[in-house]
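Listed in order, the protein sequences are those of chains A and B.
Mapping to the UniProt record's numbering: the first sequence position 34 is 34, numbers consecutive.
Mapping to the UniProt record's numbering: the second sequence position 77 is 77, numbers consecutive.
Simulated from the structure, these hints should not be mistaken for laboratory data.
Every residue gets a Cβ at the ideal spot worked out from N, C-alpha and C, and that includes glycine.
One thing to keep in mind: the hints can contain errors.
[To be verified] Label pairs and their computed distance ranges (CB to CB):
#, chain 1, residue 1, chain 2, residue 2, range
1, B, 72, A, 65, 26 to 36 Å
2, A, 80, B, 37, 46 to 56 Å
3, B, 26, A, 129, 11 to 21 Å
4, B, 81, A, 112, 18 to 28 Å
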Amino acid sequence: MEMDWIWGLAGGLLIGLGGATYLLGNGRIMGASGIIGGLVDKSGWSTGKERIAFLIGVLVMPLVLMPFFSDTDTHVTNNYIVLIAAGLLVGIGTRIANGCTSGHGVCGISRLSLRGITATVFYILAGGLSVVFFRHILGVI
Amino acid sequence: MKLLVALIAGGLFGSGLFISGMTDTAKVQGWLDVFGAWDPTLAFVMGGAILPMMVAWRLTRGSRPLTGGTFPPPPVAEVDRNLAIGSVLFGLGWGLAGLCPGPAIASLSYNGTAGVVFVVAMLGGMALAPMLRARLDSMGAAE
Chain A
1 MEMDWIWGLA
11 GGLLIGLGGA
21 TYLLGNGRIM
31 GASGIIGGLV
41 DKSGWSTGKE
51 RIAFLIGVLV
61 MPLVLMPFFS
71 DTDTHVTNNY
81 IVLIAAGLLV
91 GIGTRIANGC
101 TSGHGVCGIS
111 RLSLRGITAT
121 VFYILAGGLS
131 VVFFRHILGV
141 I
Chain B
1 MKLLVALIAG
11 GLFGSGLFIS
21 GMTDTAKVQG
31 WLDVFGAWDP
41 TLAFVMGGAI
51 LPMMVAWRLT
61 RGSRPLTGGT
71 FPPPPVAEVD
81 RNLAIGSVLF
91 GLGWGLAGLC
101 PGPAIASLSY
111 NGTAGVVFVV
121 AMLGGMALAP
131 MLRARLDSMG
141 AAE
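Bound conformation, chain A alone (with noise of 0.2 Å):
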C-alpha cells in the first residue's frame, strides 16, 4: 500500500511515454475515448486500422503483465444498474466534450490547453461529487 505512489508515477510515466510515442510517431492525440468513439460513430474509420492497433496494444499488455502481478483485484462494481448508467455517462459525456482523462488530461494539460485544462476541472468536480453523493449519502457504491 505505502508503494502504491512508485508504481502510480512509474505507471504513470508509461502512459506518457505512450501518448509521446503516438504524438511523436504518427502526429496524433493519444485520447482513449476520441480513438474509440471515432470507431463506434464512424468519424475515425479513415484511420481505423491504427485505431484498431492501438486498442490491441492497450487490451493485450496488462494480460502479459498479469502473471508478475499479485494484486490484481478491480473492485469493479457488479451492479448492472450503476454499470450501465456509468458506461452511458461516461460515453455519451467523453464524445459531447471531445475527450477523457487521456485526451484533455494527460495530452491536454501537457500543453497547457485551456479547453484540456478546464474540461479536467469539471469533470474531477463532477466525479468527487458522483463519489460523495452515491457513495456517502446515497450508499449504492
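Following the hints, position chain B against chain A.
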C-alpha cells in the same frame, strides 16, 4: 509503420494503466472520495504521464511525425458549453463506476462480466453522442 507505432503506443498506455493501479476502480474512487480514505495515487499517475508529454509537445516544434503527415494544430483557446456539459456527465459516470475509457479497455480481459457491461454501455453512449450533441447545438443556436 503507422500500425506498429499505434500498437507500441497502445501497449505502453495499457502497461502504464495496469502498473499504476488505474484499472483498480477502488483507487480511482478513492482519489475522488475526499471525504473518505483519500488515495493520492492518481495524482502521481497524472504527474508522471504529463512529464514525458510536455517533452513530446516541445519536440513537435519545427519537425514532422516520424511516419509522415502533420502534428495536430495548436489547441483552441475557446471553452464552449459542450466541453463543460460533456465533462460533467463524464465525471459523474467516472465517479460512479471508477472507470474511464482507457482503463475500461485495459481491464476488459480480466474485469469479468461487469467490465463487459460497462464497456457495452459506454460504446452505446458513444453511439448516441452525435445525436445528443446535435440537439445541444440546436438548443444553443435557438437561444
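Going through the hints against the structure:
One distance hint, 26 to 36 Å for the beta-carbon pair residue 72 of chain B and residue 65 of chain A, holds here, with the actual separation near 30 Å. In this structure, residue 80 of chain A and residue 37 of chain B break the distance hint of 46 to 56 Å, their C-beta atoms being roughly 26 Å apart. Taken as a hint, the range 11 to 21 Å holds for the pair residue 26 of chain B and residue 129 of chain A, whose Cβ atoms sit roughly 19 Å apart. A hinted range of 18 to 28 Å for the beta carbons of residue 81 of chain B and residue 112 of chain A is consistent with their spacing of about 22 Å.
In this structure, only the earlier hint numbered 2 is contradicted, and the remaining ones agree with it.
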